[in-house]
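Chains A and B are the protein sequences, given in the same order. Under this note's numbering, the first residue of the first sequence carries the number 8, and numbering increases by one thereafter. Under this note's numbering, the first residue of the second sequence carries the number 15, and numbering increases by one thereafter.
I should point out that these hints are in silico values taken from the structure, not numbers from a laboratory. The structure presented is a predicted model; accordingly, all values stated were derived computationally and were not measured. You may find that some hints are simply not true.
Have a look at the derived ranges for each label pair, beta carbon to beta carbon [claimed, not checked]:
hint, chain 1, residue 1, chain 2, residue 2, range
1, A, 272, B, 125, 46 to 52 angstroms
2, B, 289, A, 87, 35 to 41 angstroms
3, B, 217, A, 279, 16 to 22 angstroms
4, A, 206, B, 125, 45 to 51 angstroms
5, A, 69, B, 41, 52 to 58 angstroms
6, B, 213, A, 143, 46 to 52 angstroms
7, A, 285, B, 59, 46 to 52 angstroms
8, B, 34, A, 289, 53 to 59 angstroms
Over the 10 angstroms line for every Cβ pair with chain B, so calculated as not near, a few chain A residues [stated by the list, open to error]:
hint, residue
9, 24
10, 138
11, 247
12, 270
13, 280
14, 290
15, 304
No more than 27 angstroms apart at the CA atoms, straight line, and that leaves these computed lysine-lysine pairs for DSSO-like [as the list claims (entries may be wrong)]:
hint, chain 1, residue 1, chain 2, residue 2
16, B, 58, B, 221
17, A, 259, B, 158
18, B, 58, A, 260
19, B, 221, B, 258
20, B, 152, A, 272
21, A, 272, B, 258
22, B, 152, B, 58
23, B, 258, A, 260
24, A, 273, B, 168
25, B, 158, A, 273
26, A, 208, B, 152
In this text, a Cβ means the ideal position worked out from N, Cα and C, and glycines have one as well.
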Amino acid sequence: MEQVLRVEQLNLHFRTTRGPVQAVDRVSFDLPRGFTLAVIGESGCGKTSMARGVLRLLPRNVQTYTGSVFLNGTDVMRLDEDRFRREIRWVRMALVPQAAMNSLNPVLRVGDQVAEPLILHRRVSDKKQALERVREAFRLVGVPEDFTHRYAFELSGGMRQRVAIAMALVTRPELVVLDEPTSALDVLTQANLMNVLKRLKRDSEISFMLITHDIATSSELADRVAVMYAGQIVEIADARHFYPDPMHPYSKKLMASVPTLRQDKKLEFIPGQPPSLIQPPTGCRFKDRCASRNERCAEEPPLLETRDRKVRCWLYA
Amino acid sequence: MPEASNGNALLSVQNLQTWFEMRRWGFIRVGFVQAVDGVSFELKHGEAIAVVGESGCGKTTLARTILGLYPPTSGRITFEGREVKGSALRQYRANVGYVQQDPYGALPPFLPVQRILEEPLIIQGVRDPAERNHRVRKALEAVKMTPVDNFLSKFPHMLSGGQQQRVVLARAKILEPKLIVADEPVSMLDASVRVEILELLRELQRKSNLGVIYITHDLSTVRFFTERIMVMYGGKVVEEAPVKELLANPLHPYTRALLAAIPDPDPHNAEVQKEVPPGEPPSLLNPPPGCRFHPRCASLIAGRCDAKEPPIAEPAAPGHRTACWLYADGDA
Ligand SMILES: Nc1ncnc2c1ncn2[C@@H]1O[C@H](COP(=O)(O)OP(=O)(O)OP(=O)(O)O)[C@@H](O)[C@H]1O
Ligand SMILES: Nc1ncnc2c1ncn2[C@@H]1O[C@H](COP(=O)(O)OP(=O)(O)OP(=O)(O)O)[C@@H](O)[C@H]1O
Ligand SMILES: [Mg+2]
Ligand SMILES: [Mg+2]
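Please put together the full structure from these sequences, using the hints given.
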């Protein structure tokens, strides 16, 4: 299978007064063309940081930024910042940031705002061509074309979020990272937006990375699921294997805490708190909260290959 | 929905309306936002009821009116048989706790937990510091923030989202109210923490025989938490039923749409498009005539749904009521 994205041993640590925050720790995964990878995990586990690492959108206080990010076989981490900005970010990989719908510029018409990446990257020769591309992007996400003249405040939350997605699509990128695209929306708007994304996925070759803590919603789009815990990927599996049968003890607990409408179950929660990323526990990072821990867990488990997936847990050694 | 008033209800709400006047340039009246428009229900001692509906349908306005924070435009609120108004309001407020929407904005950032929890006691005139201290400790124990001494001097930003939410609960409970109104108490939290907080609220409810009004747009948590459910749309209650009954047999087209939209974690979801009603929730400044859902409804009966407000019917099971023309006679 052709891999659009291959991430190898990505590390992203932030400097703070109390020591480095290991927000992304040796993360590796592949993403084939046209596939969607859902990245799930609790708040603060490093999902957004991982996306920032892939798109090289780094804050000032970076302490460590290492590893490889291959886009169609080219290690884009090795490109200098200028080339990365001109050729990669927003051009071939785009991001719909967390809370994007609330960060649209209030004084620009949304059409002009969506056209910005095109003009900035000189993807079009004139304004007319740019607006044509904007209308194309609007069609893709189901925003009426005459909305190009409106301002963000004149749109509902669902429409604003679609505009934010259109802005990521307008340069026709190969990879789009969606960071919590529906968490702020209510169920009907959420279902509507998921329909839009499903159609987009079916009709295009775009690969998506869907970042969310909403596990039920992640199943609407995912072909493959990566579970993050304390900066690390602890399980990565095909969606059809993962949802019916999560294997890592953390994934199991996470799934058991998801309320379901259609099946009866006793809801569980995970006792204790996620560990600090400043001095993460040695060995397995989940062990203090894990019911199946044993002596071996003092040593850090690698991502182990099991029958149909990879799991970072000694139970499967 | 109207219901024969029953003497031993904890709370009884009859035909409640809360409208906000809209003015342009401060003096030209444009009209009224009909945020809550004719809501009636009853809550027994120790009972939990959920209010669900889309963003903007009037849930928070209903909550704040019940709490006495907004004056109702019309209608009555009765608490333990006494109408809540005028001089009865102060004593009533001591009997209801409020968990407000948005946990992150709910706690004052510059006060330590101890002070946050003492505040309502001071306001209610508990003068003795030892007594206050005792009650603060008890409240923290009740929400399982132990050992209490580890938390008393912490500021909100030093607490996790779940711990902050527990402090909010402790504060709502500290005056030992008979009723708690919890507005989206868990919507900002992770699934696991969400379950933890809801179970805590459930336990507090059972132990202290608390009445709880649980407001949420997330139907999937409701069945784990309450006995009864009210579905609101555009300022009105469109359906009310015991939770199990409503989930098994939703009557109102809006309720059906709401249920159909909620995914369970299942890989087959990715293969199908969801059926979602077209359009957007109605403007409450100029709500549509007739049934407020009619412009989005697939079962629209022209000439009826768009003309006259639907009466309340109880077509399926006792206690399962809905306001929809599908279940009523044309001349009702
Ligand atoms: N610039 C930064 N400096 C220091 N620490 C940071 C910085 N950005 C993020 N962090 C920390 O890194 C960790 C991971 O944060 P991140 O935003 O990636 O989590 P997340 O999984 O996206 O969470 P959420 O679901 O809440 O969005 C957190 O502990 C966060 O506080
Ligand atoms: N103080 C106010 N003045 C004028 N209009 C208001 C006021 N408070 C709320 N509204 C309007 O009343 C309607 C109902 O708002 P409300 O906050 O009760 O909805 P909600 O169901 O709680 O929504 P959400 O799920 O987003 O919290 C909305 O149209 C809102 O804009
Ligand atoms: Mg994030
Ligand atoms: Mg609200």
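Right, here's what the structure says about each hint:
Checked against the given bound of 46 to 52 angstroms, the beta carbons of residue 272(A) and residue 125(B), roughly 40 angstroms apart, lie outside it. A beta carbon spacing of about 50 angstroms between residue 289(B) and residue 87(A) contradicts the range 35 to 41 angstroms that was offered as a hint. The hint said 16 to 22 angstroms for the Cβ distance between residue 217(B) and residue 279(A), and at roughly 19 angstroms that hint holds. The given range of 45 to 51 angstroms is respected by residue 206(A) and residue 125(B), whose C-beta atoms sit roughly 49 angstroms from each other.
At roughly 54 angstroms, the beta-carbon separation of residue 69(A) and residue 41(B) lies within the given 52 to 58 angstroms, and the hint holds. Between residue 213(B) and residue 143(A) the C-beta distance comes to about 49 angstroms, which sits within the given range of 46 to 52 angstroms. Between residue 285(A) and residue 59(B) the beta carbons are some 48 angstroms apart, a value that agrees with the proposed interval 46 to 52 angstroms. At about 57 angstroms, the CB distance of residue 34(B) to residue 289(A) agrees with the hint of 53 to 59 angstroms.
The beta carbon of residue 24(A) sits about 15 angstroms from the closest Cβ of chain B, which is more than 10 angstroms, so the claim that it is off the interface holds. The non-interface label for residue 138(A) is consistent with chain B: the shortest C-beta to C-beta separation is roughly 25 angstroms, beyond 10 angstroms. Interface exclusion of residue 247(A) from chain B breaks down, the closest Cβ pair being 5 angstroms apart, not more than 10 angstroms. Annotated as non-interface, residue 270(A) brings its C-beta within 10 angstroms of a C-beta of chain B; the closest such distance is 7 angstroms.
Listed as outside the interface, residue 280(A) is inconsistent with that label: its C-beta sits roughly 6 angstroms from the nearest C-beta of chain B, within the 10 angstroms cut-off. Distance check for residue 290(A) against chain B: the nearest CB is about 22 angstroms away, which clears 10 angstroms, and the non-interface claim stands. Residue 304(A), annotated as away from the interface, keeps every beta carbon of chain B farther than 10 angstroms; the closest lies near 20 angstroms. Restraint check for residue 58(B) and residue 221(B): the C-alpha separation of about 15 angstroms stays at or below 27 angstroms, so the hint holds.
Annotation: proposed proximity of residue 259(A) to residue 158(B) holds, straight-line Cα distance about 25 angstroms (limit 27 angstroms). Taken as a hint, the residue 58(B) and residue 260(A) pair is broken in the structure, with Cα atoms around 35 angstroms apart against an allowance of 27 angstroms. Proposed proximity of residue 221(B) and residue 258(B) is supported: the alpha carbons are some 23 angstroms apart, at most 27 angstroms. Distance restraint check for residue 152(B) and residue 272(A): the Cα-Cα separation of roughly 32 angstroms exceeds the 27 angstroms cut-off, and the hinted pair is therefore not satisfied.
Distance hint between residue 272(A) and residue 258(B) is fulfilled; the C-alpha atoms sit about 14 angstroms from each other, no more than 27 angstroms. For the suggested pair residue 152(B) and residue 58(B), the alpha carbons sit about 26 angstroms apart, so the restraint of at most 27 angstroms is met. Taking the CA atoms of residue 258(B) and residue 260(A), the gap is near 25 angstroms; set against the 27 angstroms cutoff, the hint holds. The hinted pair formed by residue 273(A) and residue 168(B) fails the criterion: a straight-line CA distance of about 33 angstroms is larger than 27 angstroms.
Restraint check for residue 158(B) and residue 273(A): satisfied, since their Cα atoms lie roughly 21 angstroms apart, inside the 27 angstroms limit. With a C-alpha separation of about 53 angstroms, the suggested pair residue 208(A) and residue 152(B) falls outside the 27 angstroms cut-off, and the hint is violated.
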